[in-house]
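J.: The residues making up each chain are set out below.
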Amino acid sequence: MLLLAFDTATPAITAAVHDGERVLAESTTVDARRHGELLMPSIVSVLDQAGVTRHDVTAVAVGIGPGPYTGLRVGLVTARVLGAVLGVPVHGVCTLDAIARAAITAAAGREYLVATDARRKEVYWARYTAAGQRILGPAVGQPASLYPAVPAAGEGPLLYPAAFGEPIGPRYPAASWLADFVSERLAAGAVLEPAEPLYLRKPDARVPGPPKRVSAA
Amino acid sequence: MTAPLVLGIETSCDETGIGLVRGHQLLADSVASSVAEHARFGGVVPEVASRAHLEAMVPAVDRAFAIAGEKLAAVDAIAVTAGPGLTGALLVGVAAAKAYSVALGKPLYGVNHLAAHIAVDQLEHGPLPAPAIALLVSGGHSSLLLVHDVASNVVPLGATIDDAAGEAYDKVARLLGLPFPGGPPIDAAAGHGDRSAVAFPRAKYRDGTLDFSFAGLKTAVARWVEAREAAGDAVPLNDVAASFQEAVADVLTAKAVIACRRNGVTDLIIGGGVAANSRLRALAAERCAAAGIRLRVPRPGLCTDNGAMVAALGAELVARDVAPSSLDLPADSALPVTDVVVR
Ligand SMILES: [Zn+2]
Chain Y
1 MLLLAFDTAT PAITAAVHDG ERVLAESTTV DARRHGELLM PSIVSVLDQA
51 GVTRHDVTAV AVGIGPGPYT GLRVGLVTAR VLGAVLGVPV HGVCTLDAIA
101 RAAITAAAGR EYLVATDARR KEVYWARYTA AGQRILGPAV GQPASLYPAV
151 PAAGEGPLLY PAAFGEPIGP RYPAASWLAD FVSERLAAGA VLEPAEPLYL
201 RKPDARVPGP PKRVSAA
Chain A
218 MTAPLVLGIE TSCDETGIGL VRGHQLLADS VASSVAEHAR FGGVVPEVAS
268 RAHLEAMVPA VDRAFAIAGE KLAAVDAIAV TAGPGLTGAL LVGVAAAKAY
318 SVALGKPLYG VNHLAAHIAV DQLEHGPLPA PAIALLVSGG HSSLLLVHDV
368 ASNVVPLGAT IDDAAGEAYD KVARLLGLPF PGGPPIDAAA GHGDRSAVAF
418 PRAKYRDGTL DFSFAGLKTA VARWVEAREA AGDAVPLNDV AASFQEAVAD
468 VLTAKAVIAC RRNGVTDLII GGGVAANSRL RALAAERCAA AGIRLRVPRP
518 GLCTDNGAMV AALGAELVAR DVAPSSLDLP ADSALPVTDV VVR
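Sequence lines, in order, name chains Y and A. So the first sequence is numbered by this note's numbering: it starts at 1 and just counts up by one. So the second sequence is numbered by this note's numbering: it starts at 218 and just counts up by one.
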């Protein structure tokens, strides 16, 4: 198998190619405003580095957030189109799970959180067992409402140090963890998530009241 | 030899438009609109539009190919609106276009939405006359352009300094209690009204520029309606709609004719959603005939935002061997009309 994995749900634009046993290539760039520009060149670059072509890809995996919507959608629409044209399955992975996977060792036997920037002074978060199993979330909320004694990975504990326990890194996800996660699940016969975005918030929109008067009363 | 098959993707506002064009021949035009989701908000909500684009993209493309009876693999190039428009909405289309480009191994063209509104007329009326004046009017734009060559040389002559013409329609519809988008219901009401009933102001009518202003007109309508209500009189909705519509069509067509005269141009093209308006079409036809100007207006379905227009411009670029865009193509919400292709 040849898995193409990528994630755009945080300021990191990350892509990787995995052959079912190991990561063949990875590219990660941090630029919160340029997901749309940088994702596809990164994908082309990891395919080249791995010495494969688009025709070799047998599955696509994509981070489904939660994360800022504009960047998140870049990853999702890219995954859906690649899947449709190449005729391969598209697997969704909660972005927080990909970060959680890389934090197991640092958690050192403790339960831990993953929290990423949700803007508006909030974080996207989830809670994991020491073995990296998600037990709460994903959810969006104020950092102060979370668990201050629990170690935490992701950008959340770096942005709001007072609200979290020990920051255990990593700050952003890497597509190689996402790819590892998916290839293990697939090997175990597990079913992954569909490539549907985890927005967690409704769009900001208010139904307007009656038109304002323009004449002086 | 058959002309290249071009896939066009348009997501600058609330329509997910997918078009398939071969040369000047339109093979498919599939539009998924989120307009119904915006109606209760009285205007397009960018986040709602962006979410809808993501959901609509792959099905809309598949539908376009089914309509055309073509296979994805037969595509020779992909064109996409790179701007101007709503950033989050544009980005869904641009990212999708890049993925189609890479997955199909075919070149990508990031194009200007306004130039595409002009190019679409080729699908209906054949090669564009050059030079021509273009009047583009919609909920997002109101511009007069001098088109030396739609694929390479478009010069802005004037634009709205405040609301777009279509925006004025939406706002006036709202204060008359008509639904969003305001163009169709106002046009329908105006059909039963007297367009000389109220002399609404024509801003910038004789200021010597080719710019427009519609914010004052909307306020004038509001003030007139409020005065009627304050006096306890019924509001003659049809007459207000007709008089408002007349003011808009009058300014737009008068300035379009001036733009032609000043530049020694004898061809006028009108595009954009407001070009579907019956009074604008009729008045433009009348004034162009009087001024010896040939008028070209695509059918209403090609005036509103769609993918066919993007494919039409893409086909023009491919036919001329224009170098494609690179894969790091950005979406630019304020893309100037002088940039027909983004590299
Ligand atoms: Zn438009």
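What the hints contain is simulated information worked out from the structure, not anything from laboratory work. Careful: at least some of the hints might be erroneous.
[Unchecked claim] One side of the interface only, derived from the structure: several residues of chain Y facing chain A at Cβ under 10 angstroms:
no.	residue
1	Thr-8
2	Arg-22
3	Thr-58
4	Gly-75
5	Thr-78
6	Gly-83
7	Arg-134
8	Arg-171
9	Pro-197
10	Leu-200
11	Pro-210
Where a beta carbon is used, it is the ideal one built from N, C-alpha and C, also for glycine.
J.: Does the nearest C-beta of chain A fall within a distance shorter than 10 angstroms of the C-beta of Leu-200(Y)?
T.: 13 angstroms, violated
J.: Given a cut of 10 angstroms on the nearest C-beta pair, is the interface hint for Thr-8(Y) held or broken against chain A?
T.: 9 angstroms, holds
J.: Should the interface hint for Arg-22(Y) be scored as holding, given a Cβ-Cβ cut-off of 10 angstroms against chain A?
T.: Constraint on Arg-22(Y) not satisfied, violated at 24 angstroms.
J.: Hold the hint about Gly-75(Y) up to the distance rule: shortest CB distance to chain A must be less than 10 angstroms.
T.: Gly-75(Y) check passes; min Cβ-Cβ to chain A is 8 angstroms, inside 10 angstroms.
J.: Does the interface hint hold: is Pro-197(Y) within less than 10 angstroms of chain A, judged Cβ to Cβ?
T.: Where the cut-off is 10 angstroms and the nearest Cβ of chain A is about 7 angstroms from Pro-197(Y), the hint holds.
J.: Is the hint on Thr-78(Y) kept, meaning its closest Cβ partner in chain A is under 10 angstroms away?
T.: For Thr-78(Y), the interface hint holds, since the closest Cβ of chain A sits about 5 angstroms away, which is under 10 angstroms.
J.: Under the criterion of a CB-CB separation shorter than 10 angstroms, is Arg-134(Y) in contact with chain A as hinted?
T.: 24 angstroms, violated
J.: Quick check on the hint: Thr-58(Y) CB to chain A CB, less than 10 angstroms?
T.: 14 angstroms, violated
J.: Less than 10 angstroms between beta-carbons is the criterion; does Arg-171(Y) satisfy it with respect to chain A?
T.: Since the shortest Cβ distance to chain A is 24 angstroms, the answer is violated.
J.: The hint names Pro-210(Y) as touching chain A; please verify it with the least Cβ-Cβ distance against 10 angstroms.
T.: 9 angstroms, holds
J.: Restraint: Gly-83(Y) near chain A, CB-CB cut 10 angstroms. Satisfied or not?
T.: Where the cut-off is 10 angstroms and the nearest Cβ of chain A is about 8 angstroms from Gly-83(Y), the hint holds.
Comparing the model with each earlier hint shows violations of hints 2, 3, 7, 8 and 10; every other hint is respected.
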